[in-house]
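At the far end of the sequence shown sits residue 125, using the numbering used here, and the numbering has no gaps.
Keep in mind that the hints were calculated from the coordinates and are not lab data.
Among the hints, erroneous ones may be present.
[Unchecked claim] Simulated DEER-style distance windows between Cβ atoms: (1) Gly81 x Arg53: 32 to 38 angstroms; (2) Gln66 x Pro98: 24 to 30 angstroms; (3) Leu83 x Ala117: 25 to 31 angstroms; (4) Gln48 x Pro98: 24 to 30 angstroms; (5) Tyr96 x Gln48: 25 to 31 angstroms.
Note that the Cβ used here is the ideal one computed from N, Cα and C, for glycine as well.
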Amino acid sequence: MLRWPRWTSVRTSSAPVRGLRVGGVRRGELWRAPSVVRDRTILIVSAQPVIDRGVSMLYGVEADEQDPGAILLVVPVEVDGELRWLNVQRGLTRVYRPTLTESLGLVDQAVLDQLDALLRVALDL
């Protein structure tokens with residue numbers, strides 16, 4: 001059975017990174033990815049070697065603003081002082097690298113480990 005703390009904080013640098021830097025995206029980093037429809041917050045889950053190769057499409061999990069309720073495939077995380085939920089049940093989302101506009105920091109390794117375990121369960125890996 002997976003267990004996690006009530007919420008998990010995000011480590012941020014002294015100042016948010018504005019705009020995309022070459023090689024500036026890291027696995028486990030939360031990014032703001034605005035679109036015409038809505039402003040999304042995405043946790044990058046692509047493998048670091050894939051990211052380092054400079055591919056333009058990355059995989060991530062959205063950090064939802066609304067509590068999805070009592071489901072098992074969710075990891076709570078704090079983003080900019082607000083509680084959000086990484087809902088694996090919604091699946092992976094593809095994100096075009098140039099749409100990443102602002103880094104919101106790295107999640108703890110424990111969050112990535114929980115998310116990896118939930119992805120393995122959800123995708124039967």
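(message) Checking each numbered hint in turn, tell me which of them this model violates, lowest number first.
(response) 3, 4, 5
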